[in-house]
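J.: Counting from 4, one number per residue, gives the positions in the sequence shown under my numbering.
Just so you know, the hints here were simulated from the structure itself, not pulled from any lab data.
Incorrect hints may appear among the rest.
[To be verified] Restricting the straight-line Cα-Cα distance to at most 25 Å, the calculated cross-link-like pairs of lysine-lysine (BS3-like) are: (1) Lys172 x Lys153; (2) Lys225 x Lys106; (3) Lys172 x Lys225; (4) Lys153 x Lys102; (5) Lys143 x Lys153; (6) Lys219 x Lys102; (7) Lys159 x Lys219; (8) Lys225 x Lys153; (9) Lys159 x Lys143; (10) Lys225 x Lys102; (11) Lys172 x Lys159; (12) Lys102 x Lys172.
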Amino acid sequence: MASSFCSIHHTFSPSSFPYPRFRLPESRFTVLPPRFSLRRLHPHVRRRRIRSVVAAGPMFFPENLIVGDTFAMVFSGCFALSILRIYEETARRGIFDQKLNRKLVHTTIGLAFMLCWPLFSSGHQGAVMAALIPGVNIVKVLLIGLGIWKDEATVKSMSRDGDYRELIKGPLYYASTIALSSVLYWRTSPIAIAAICNLCAGDGMADIIGRRFGSKKIPYNKEKSFAGSIAMAAAGFIVSVGYMHYFSMFGYFEESWQMIFGFLVVSVASALVESHPISTTFDDNLMVPLTSLLVCLEIKGGLRNSSSFETCYLNSA
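Between the sequences and the hints, there should be enough to build the whole structure, so can you do that?
T.: Structure, rendered in structure tokens:
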């Protein structure tokens with residue numbers, strides 16, 4: 004896993020460009036100036052680095068970051084809203100059981116939103132504008148959960164028992180996790196992938212599979228089952244690897260076996276914490292992303308203290 008973090012740093016390091024006039028500022032994000040031409044790059048720049056440079060601008064109007072990010076935000080917001088409307092309609096018509104409908108929203112909406120991240124620019128502006136979409140949902144669930152705004156369809160699609168006050172717990176933690184992951188880590192960090200994938204796919208599938216096949220309960224928590232915990236670890240891990248491959252195709256970082264192993268450790272740890280009674284007490288939507296974050300930071304800290312990381316860091320500086 005050390006090599007994955009090393010390659011991320013090396014890809015976005017200013018020294019990866021041989022000529023001073025083409026060196027980008029030392030930053031976690033890479034932003035291209037307008038009308039940047041790849042033909043002006045040194046011919047010996049590797050393809051991996053070129054892909055990282057190409058990924059810096061928004062897909063809409065790449066020569067104007069503000070306009071491009073605005074269009075990306077509108078498109079992503081409409082995409083997320085359309086999915087929510089579908090589940091609100093299924094809840095209103097009673098097509099699915101209310102608990103199943105809620106978990107389908109839980110599983111799909113965050114992952115669908117993360118699919119839209121490549122539409123934005125790679126700078127802090129793109130991350131903030133993307134975070135505005137779950138930010139609007141944070142305001143919405145607060146207003147509904149506090150009883151200020153009445154929306155029965157949203158309550159049915161997001162609550163366990165149809166109580167509007169539930170929205171200021173799980174759904175609020177859910178939207179906050181996605182917003183903070185966008186602002187703090189964005190698409191260049193495996194931490195954002197691990198936190199969102201284990202929250203959405205992992206926790207969502209744990210409930211769906213656990214209710215259907217969870218006859219054998221965990222000894223230390225009778226509300227959880229072995230089937231649900233195994234499904235959570237497997238789903239969180241598989242979807243994390245899928246998004247790792249997805250973002251690596253855009254050049255945001257380089258996938259590796261070390262990173263895959265790291266996702267496995269995070270998914271198993273998240274499943275273990277979710278199965279513990281403390282997770283039921285404080286809400287899964289809070290404990291799962293918090294566990295993913297802490298484990299990722301621990302792995303990253305261990306790599307930073309290792310000699311292999313230091314060697315790679317010095318070579319790329």
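J.: Against each hint, give a clear statement of whether it holds in the structure.
T.: Hint-by-hint comparison with the structure:
Proposed proximity of Lys172 and Lys153 is supported: the alpha carbons are some 17 Å apart, at most 25 Å. A C-alpha spacing of about 20 Å is found between Lys225 and Lys106, which places the hinted pair at or below 25 Å, so the restraint holds. For the hint pairing Lys172 with Lys225, the CA-to-CA distance comes to about 22 Å; that is within 25 Å, so the pair holds. A threshold of 25 Å between alpha carbons decides the hint, and for Lys153 with Lys102 the separation of about 20 Å falls inside it, so the pair holds.
For the given pair, Lys143 sits about 10 Å from Lys153 by alpha-carbon distance, which is consistent with the 25 Å threshold. Under the criterion of a C-alpha separation no larger than 25 Å, the hint pairing Lys219 with Lys102 is consistent with the structure, at around 20 Å. Taking the CA atoms of Lys159 and Lys219, the gap is near 29 Å; set against the 25 Å cutoff, the hint is violated. Our distance criterion of 25 Å between C-alpha atoms is broken by Lys225 and Lys153, whose separation comes to about 35 Å.
For the given pair, Lys159 sits about 14 Å from Lys143 by alpha-carbon distance, which is consistent with the 25 Å threshold. Distance hint between Lys225 and Lys102 is fulfilled; the C-alpha atoms sit about 19 Å from each other, no more than 25 Å. Proposed proximity of Lys172 and Lys159 is supported: the alpha carbons are some 15 Å apart, at most 25 Å. At most 25 Å may separate the alpha-carbon atoms for a hinted pair to count; Lys102 and Lys172 meet this at roughly 16 Å.
Taken one by one, the earlier hints fail for this structure at numbers 7, 8, listed in ascending order.
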